[in-house]
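S.K.: The listed protein sequences derive, respectively, from chains S and F. Just so you know, we're using full-length UniProt numbering here: the first sequence kicks off at 1 and counts up by one. Just so you know, we're using full-length UniProt numbering here: the second sequence kicks off at 1 and counts up by one.
What the hints contain is simulated information worked out from the structure, not anything from laboratory work. Careful, some of the hints might be misleading.
What the hints assert, rightly or not - Take a look, some chain F residues computed to stay more than 10 Å from chain S by CB distance: (1) Asp2; (2) Val9; (3) Arg85; (4) Ala108; (5) Ala121; (6) Gln163; (7) Arg183; (8) Ser189; (9) Arg240; (10) Glu260; (11) Gly261; (12) Pro268; (13) Asp279; (14) Asn320; (15) Asn322.
Unchecked claim - Per label pair, the in silico range of CB-to-CB distance: (16) Val171(S) / Ser238(F): 51 to 57 Å; (17) Ala115(S) / Asp157(F): 30 to 36 Å; (18) Gly98(S) / Asp304(F): 36 to 42 Å; (19) Asp269(S) / Gly159(F): 33 to 39 Å; (20) Gly159(F) / Asn251(S): 51 to 57 Å; (21) Asp2(F) / Asp157(S): 41 to 47 Å; (22) Glu325(S) / Gly159(F): 56 to 62 Å.
On a predicted model such as this, the values are computed, not experimentally measured, just so you know. Positions of the beta carbon are idealized from the N, C-alpha and C atoms, including for glycine.
2 protein chains.
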Amino acid sequence: MDDIALAEVTRGGRVESLHHGRIAVMDDTGRVVRALGAIDKPIFPRSTVKALLALPLVETGAADRLGLADAELALACASHGGEIRHAETAASMLAKAGQGLTCLECGAHWPTYDAAAHALAATGAQPTALHNNCSGKHAGLICLSIDQSLDPAGYIDPGHEAQRQVTEALVMATSVPHNETNRGLDGCSMPTYAIPLAALATGFARFGTGRNFSSGHASAAARLRSAVASDPFMVAGSGRFDTTLMAHFGNRIFCKMGAEGVMVASLPDLGLGVAIKTDDGANRAAEVALAALLLDLGALLWNDTDREVLAGLAHQVMKNWNGREVGTLRAAGKG
Amino acid sequence: MDDIALAEVTRGGRVESLHHGRIAVMDDTGRVVRALGAIDKPIFPRSTVKALLALPLVETGAADRLGLADAELALACASHGGEIRHAETAASMLAKAGQGLTCLECGAHWPTYDAAAHALAATGAQPTALHNNCSGKHAGLICLSIDQSLDPAGYIDPGHEAQRQVTEALVMATSVPHNETNRGLDGCSMPTYAIPLAALATGFARFGTGRNFSSGHASAAARLRSAVASDPFMVAGSGRFDTTLMAHFGNRIFCKMGAEGVMVASLPDLGLGVAIKTDDGANRAAEVALAALLLDLGALLWNDTDREVLAGLAHQVMKNWNGREVGTLRAAGKG
């Protein structure tokens with residue numbers, strides 16, 4: 001099936017750029033509820049699956065034994081902007097595991113949130129691996145390793161026992177194989193596995209409902225959703241789509257972005273999971289497409305404020321450096 | 001005609017993202033040499049036309065009377081990264097016009113080159129309009145205004161005499177109307193006019209050869225091309241495609257990026273102009289598509305080193321934060 005127009009950028013009353021992609025809406029049994037475009041074609045989920053990768057941390061009891069707080073569990077699911085609380089929370093996860101910064105194998109980069117990068121630079125400091133947007137996920141694998149008396153070194157490699165356990169969680173959630181035949185390497189040096197968009201959506205339907213999950217997975221998923229809902233700043237940060245959406249909807253919607261234009265969402269009340277991939281890898285398009293889809297899917301659920309929040313995210317006015325309106329970023333065909 | 005696949009991003013041996021778009025190759029008479037996709041459809045050229053907007057600054061004699069150096073003329077054509085030399089050169093243009101920073105109407109933003117932003121933040125300073133990537137273009141309009149004893153205030157507005165003159169240069173170069181019917185507002189608050197991709201390419205064929213230009217435009221174009229070739233850092237900056245390409249090719253290729261995935265090039269030796277627009281607005285794709293096109297168009301012109309430079313830009317290895325190879329960004333279908 002052909003991919004569809006997801007989002008467009010307008011200027012001067014004309015469409016300046018147009019993004020195509022695919023949308024899968026599935027229930028937790030793996031039934032297709034809505035399919036727009038080639039939903040069986042494999043895509044790399046990238047950071048969208050961080051919450052699934054965090055399931056063993058909770059399910060094994062490691063999180064409780066190490067005393068991880070909600071903020072820390074939310075950070076384990078995060079692609080954060082490297083703001084001060086993000087870096088401090090990653091450090092506290094490592095401290096609870098009795099480890100330090102050098103244990104992180106994600107590499108260092110400047111905070112992706114520009115204001116945080118400028119504030120860090122103003123102190124004369126350089127970024128560390130704590131500022132890497134994936135530091136919470138990595139700290140989570142280190143916690144999982146330490147709790148099982150495993151040497152955390154090499155936790156990013158497919159052969160490491162902790163990595164094997166988090167990969168197994170992906171297999172259980174999505175019901176598709178994750179092995180060397182569909183493996184790619186992510187920006188933070190952990191594997192990412194190409195799977196059908198439909199399977200990714202099914203995984204997040206299950207993450208939302210807890211059905212067709214093991215009972216351990218189901219309670220771990222509920223705990224993680226609750227942690228993220230209680231501190232949505234931790235999962236992304238200032239001005240970011242995921243944080244904005246969950247700050248309003250709380251436990252009613254879980255969503256997570258991934259690099260190269262991937263978005264997932266769980267809608268527990270509807271028993272649905274969503275996965276979106278833009279063909280060109282643009283995250284701006286996946287975001288507005290998700291907001292527009294949620295408006296539609298939850299038509300009977302949302303109150304006026306809910307609809308206003310979603311409509312604002314699905315149709316964004318773009319302003320220039322002088323604050324003058326130059327155009328819009330909006331769901332395609334909703335002009 | 002359908003748009004074509006221009007560039008792809010690969011990971012783990014699979015295509016992760018794919019960019020479509022259009023390519024127009026024209027000669028200076030407006031004859032189509034190569035058309036891939038809908039080249040008659042209007043697009044916003046954005047910053048690609050800065051060198052055309054600088055023609056009146058040179059042609060009227062303003063640049064000579066004010067004593068503008070090559071670096072300053074190159075900056076007038078630039079979308080720069082806000083590095084120290086860029087900001088200093090914008091300030092020196094203003095000083096030669098007897099004006100100061102407050103005269104700039106582009107708005108302030110942090111340097112787009114991250115290292116320059118971090119270095120600026122480390123000094124405790126905030127960015128000014130000098131760091132705006134368009135500050136050289138704006139300083140050029142201020143110089144043009146002052147030289148003609150015009151009040152520069154409002155030089156960004158279509159009704160200002162200096163703005164009228166630079167818009168007239170666009171009309172002469174591209175042979176298509178620029179008025180309120182195709183006007184949009186750019187990020188720096190100057191107008192940008194939607195014109196066919198083919199007309200944009202024709203304009204840059206003329207910019208390269210000087211033919212089908214007035215003699216004044218022709219000599220101004222030659223002067224600007226020479227200025228950019230002598231100091232290609234000024235037109236973009238560290239690590240940027242335009243600078244890298246022109247640092248190698250000098251006066252043999254002029255190229256310029258524009259926001260939302262536009263690229264133009266002049267090939268004086270072949271008498272050709274090129275314009276590329278990605279449908280989705282991705283600049284990474286326009287860059288690799290231009291490199292691949294230049295490899296092909298200039299097959300009989302380039303020496304081995306030329307081909308090596310272009311091939312490296314048309315097929316870029318992507319590495320992660322640990323320096324490990326994760327995939328490629330490359331021209332589509334050249335895998």
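S.K.: Would you mind marking each hint as holding or not holding in the structure?
M.R.: Now the hints, each set against the structure:
1. Asp2: 12 Å, holds
2. Val9: Violated, because the least Cβ-Cβ distance between Val9(F) and chain S comes to about 6 Å, which does not exceed 10 Å.
3. Arg85: 19 Å, holds
4. Ala108: 7 Å, violated
5. Ala121: The claim is violated: Ala121(F) sits with its nearest Cβ about 4 Å from chain S, within 10 Å.
6. Gln163: About 15 Å separates Gln163(F) from the closest Cβ of chain S, which puts it past 10 Å; holds.
7. Arg183: 6 Å, violated
8. Ser189: 5 Å, violated
9. Arg240: 18 Å, holds
10. Glu260: Violated: least Cβ distance 5 Å, not greater than 10 Å.
11. Gly261: 7 Å, violated
12. Pro268: 30 Å, holds
13. Asp279: Violated, since 6 Å does not exceed 10 Å.
14. Asn320: 5 Å, violated
15. Asn322: The claim is violated: Asn322(F) sits with its nearest Cβ about 4 Å from chain S, within 10 Å.
16. Val171(S) / Ser238(F): 51 to 57 Å: 44 Å, violated
17. Ala115(S) / Asp157(F): 30 to 36 Å: At 31 Å between Cβs, range holds.
18. Gly98(S) / Asp304(F): 36 to 42 Å: 57 Å, violated
19. Asp269(S) / Gly159(F): 33 to 39 Å: 55 Å, violated
20. Gly159(F) / Asn251(S): 51 to 57 Å: 54 Å, holds
21. Asp2(F) / Asp157(S): 41 to 47 Å: The hint (41 to 47 Å, Cβ to Cβ) holds, given that Asp2(F) and Asp157(S) are roughly 44 Å apart.
22. Glu325(S) / Gly159(F): 56 to 62 Å: Check failed, 19 Å falls outside 56 to 62 Å.
Hints 2, 4, 5, 7, 8, 10, 11, 13, 14, 15, 16, 18, 19 and 22 from the earlier list are contradicted by this structure; the remaining hints agree with it.
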